[in-house]
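Chains as they are written, first to last, in our numbering: chain A, 1 to 320; chain B, 321 to 615.
Just so you know, these hints were derived from the structure itself, not from any lab. One or more of the hints may lead you astray.
Heads up, simulated DSS-like pairs for lysine-lysine below, C-alpha to C-alpha not over 30 Å straight-line [stated by the list, open to error]:
| id | chain 1 | residue 1 | chain 2 | residue 2 |
| --- | --- | --- | --- | --- |
| 1 | B | Lys-404 | B | Lys-386 |
| 2 | B | Lys-569 | B | Lys-611 |
| 3 | B | Lys-611 | B | Lys-574 |
| 4 | A | Lys-39 | A | Lys-114 |
| 5 | B | Lys-611 | B | Lys-502 |
| 6 | B | Lys-574 | A | Lys-91 |
| 7 | A | Lys-114 | B | Lys-611 |
| 8 | B | Lys-574 | A | Lys-114 |
| 9 | A | Lys-91 | A | Lys-114 |
Facing chain A, according to a computed beta carbon distance under 8 Å, are these residues of chain B, among others [unchecked claim]:
| id | residue |
| --- | --- |
| 10 | Ser-327 |
| 11 | Gly-375 |
| 12 | Asn-376 |
| 13 | Leu-378 |
| 14 | Arg-379 |
| 15 | Ala-472 |
| 16 | Ser-473 |
| 17 | Val-556 |
| 18 | Val-558 |
| 19 | Cys-559 |
| 20 | Met-560 |
| 21 | Met-575 |
| 22 | Ala-606 |
| 23 | Val-607 |
For glycine and all other residues, C-beta sits at the position ideal for the given N, C-alpha and C.
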Amino acid sequence: MAVDMSVTFGTRTLPNPVMTASGCAANGRELHRFFDVSKLGAFVTKTVMMDPRSGRGTPRMAETASGMLNSIGLQGPGIHAFVEQDLPWLKSVGARVLVSIAGNTAGEFADVAKVLVASDAFDCVVGVEVNISCPNVANRGLVFACDPLASGKVIALVREQLPRDVPMFAKLTPDVTDIVSIADAAVKSGATGLTMINTLLGMVIDTDRLRPHLGGITGGLSGPSIRPVAVRALWQVTAAMREGRFQTVPLIGVGGVRTGRDALELIAAGATGIQVGTATFNDPNAPQRVLTELEALADSHGVARITELVGIAHDRMVIP
Amino acid sequence: MSRAEQSGVVQVQGEVIATRRVGAYHHLTIVAPGVAELARPGQFAALSVGGLTTGNLLRRSFSIHKVSPSGTYGGTLDLVIAAKGAGTEWLTSLRAHDAVDVVAPLGRAFPLPTEPVPCVLVGGGYGSAPLFWLADVLRERGCTVEMVLGAASEDRLFGVVEARRSADGVTVTTDDGSAGVKGWVSDVLPEVFTRTGAPVAYACGPMGMLQSVTRVASEHGAVAQVAVEEAMACGVGVCMTCVMPVRDKLGVTKMVRSCVEGPVFRGDRIRWEAFHDGVCGVPEDAVGAPKVGGH
Ligand SMILES: Cc1cc2nc3c(=O)[nH]c(=O)nc-3n(C[C@H](O)[C@H](O)[C@H](O)COP(=O)(O)OP(=O)(O)OC[C@H]3O[C@@H](n4cnc5c(N)ncnc54)[C@H](O)[C@@H]3O)c2cc1C
Ligand SMILES: Cc1cc2nc3c(=O)[nH]c(=O)nc-3n(C[C@H](O)[C@H](O)[C@H](O)COP(=O)(O)O)c2cc1C
Ligand code: FES
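Extracted from the complex, chain A is given alone in its bound form (with noise of 0.2 Å):
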């Protein structure tokens, strides 16, 4: 029998959990010449802020165990290019479009997602993922998310200008002390749901030259050696949630997703939706494939609907 495997995201129901994860997929073309965009459940494109941005030097990465460093610095083509061309391409295809963004301000995030608003091919926009993982040019360039104050004030400018019925995604960072007190501000602040979890900050020392390996010295971490803390921060999240800390939103899991079996360990913590990133530099077809991957296992464990599954593990704790 086939699994139902649509999930909805407030007002939106997709037909799958599988995403995208923002910035290991551009802007949907490369990736559409090896599956079709489309039959994923969200697109979720590159956080893009106001204007164009060069990005860093290079090197912009290094691989790790199981993982890599990256350093990119927001690299884009700003705004109003994106929904000049960027966005008008995934519409024609048929992809659901889940747009990142990102600000220098807080009033830059908000400007930017007026201008997403206001553009001709908003019809095809699922929802806004909120990058505060991002840094805040007003407090000595921490990261919005480090700060519930910061990230609340920009999740609220956000929510200002977006129709009422478009979710709107906090995106977290867990390199915090408390993950769960950044999540409530979100949640408190009209975030429809959350995206967890941003890279960690890290380093590498090329052992050669015996000098910072990235040209940004220090970079986000991501890959499968960082799927144990996105089980922990989803966990977290959840149990704060079933607890009545706050309000009970979707969330989407990201941070090592490579195989079916990685994307129900998610689920099973408490994600609703499944980003995947890293994994598709090793195979450009991942996130198609951990459709199928979970689809067949969701099957395996005789539920009808996929989201029978999320925050299960919850319920099964054995405590003797």
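Starting from the known structure of chain A, fit chain B with the ligands onto it as the hints suggest.
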């Protein structure tokens, strides 16, 4: 039309059918159906390394040495690989019948001249790998081909014998004088340009060599088409790690992805001054460059 024909690229489970040592390098022949029909000289292949459960996730990129559409085994792909780190060590230890996942062909090929003109082809180390196939294609179009192969030492030269078959003239240089002229390719290039009057040069090799080929070519009124090498994580255009500063037709510098907009660029469009000892900065006048005190 199939997705592969439409998109010009395939992902296939390849099978190694031959591997042999060539000096300091390993020459692999891989059965990779569908690649040969799509590939052109200058494009590359991105291989996964370490098998299905590998901890080395990123693909390794290699210039396509040659392809053959048919044969006993189906279409094949040839690569020349220098063992350097974990991934190339794994690839060069593969034996006949081992499996390897291949995504190819990728990137832009060498643009070909419309007229039958003399061409200079310059290869540094394994950078000569794609040039013999290019030479054959150029000669089919009536071009004459002069090749210059350079390397640190004789064991790091690739394809000197093949060059004598594929080119009308061959010059070899080594840094240590173990073969050919002692010195760099840039030492012999002025004479080659003067003698042949070539309006175009094609080059593949280390960045320093590509820069000097570009300089010597422009001193002789020639255009250099160079295939660059920048660290790549995906090879397919989705990660933005492989960028370098390149001017467009209008002279505007952007940080462009060398895996999709390259690896072949016009040498005079690359902002060579931004490269320093393995690090490349963002020129101040590049589109979206960080402002002082800004991001
Ligand atoms: C377009 C292109 C064509 C190339 N053609 C050839 C060729 O024909 N023969 C050959 O021997 N080598 C070639 N290279 C270089 C080859 O890709 C690297 O030597 C190889 O990726 C190093 O992998 P490693 O695991 O041995 O090293 P590691 O240092 O362990 O690699 C770690 C990571 O860095 C990346 N990386 C490291 N060095 C390079 C580099 N120089 N270029 C690109 N990525 C790098 C790897 O892909 C990997 O993701 C080419 C590179 C490019 C970009
Ligand atoms: C090269 C690269 C670029 C990324 N760019 C972004 C980005 O622009 N915005 C964002 O929210 N996350 C970005 N991320 C983080 C991913 O979306 C994801 O949260 C993280 O990599 C963990 O998932 P993974 O292990 O599946 O890659 C990037 C990750 C990588 C590896
Ligand atoms: S290597 Fe990933 S974009 Fe070029």
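| Hint check: is the beta carbon of Val-607/B less than 8 Å from a beta carbon of chain A? | holds (5 Å)
| said: Hint validation: Leu-378/B versus chain A, beta carbon distance must be below 8 Å. Holds or violated? | reply: holds (5 Å)
| said: With the threshold set at 30 Å, check whether the alpha-carbon distance from Lys-569/B to Lys-611/B stays at or below it. | reply: It holds: about 24 Å lies between the C-alpha atoms, which stays within 30 Å.
| Interface hint outcome for Val-558/B [beta carbon to chain A under 8 Å] | Val-558/B check passes; min Cβ-Cβ to chain A is 5 Å, inside 8 Å.
| With a cut-off of 8 Å, does the beta carbon of Ser-473/B approach a beta carbon of chain A closely enough for the hint to hold? | violated (20 Å)
| request: Take the C-alpha atoms of Lys-574/B and Lys-91/A, compute the straight-line distance between them, and say whether it is at most 30 Å. | output: holds (27 Å)
| said: Hinted pair, alpha-carbon criterion (30 Å max): Lys-114/A, Lys-611/B. Please report holds or violated. | reply: Since the Cα atoms of Lys-114/A and Lys-611/B sit roughly 24 Å apart, the hinted pair holds (cutoff 30 Å).
| query | When the nearest CB of chain A is found for Ala-472/B, is that gap smaller than 8 Å? | reply | violated (17 Å)
| Close enough to count: is the Cβ of Ala-606/B nearer than 8 Å to one in chain A? | Given a least distance of 5 Å, the restraint on Ala-606/B holds.
| With 8 Å as the cut and Cβ atoms as the points, is Ser-327/B at the interface with chain A? | Ser-327/B check passes; min Cβ-Cβ to chain A is 3 Å, inside 8 Å.
| said: Given Gly-375/B as an interface hint, is its Cβ closer than 8 Å to any Cβ of chain A? | reply: holds (4 Å)
| field | Interface restraint verdict for Asn-376/B against chain A (beta-carbon cut-off 8 Å) | value | It holds, given that the least Cβ distance between Asn-376/B and chain A is near 6 Å, below 8 Å.
Consistency note: the structure conflicts with the earlier hints numbered 5, 15, 16.
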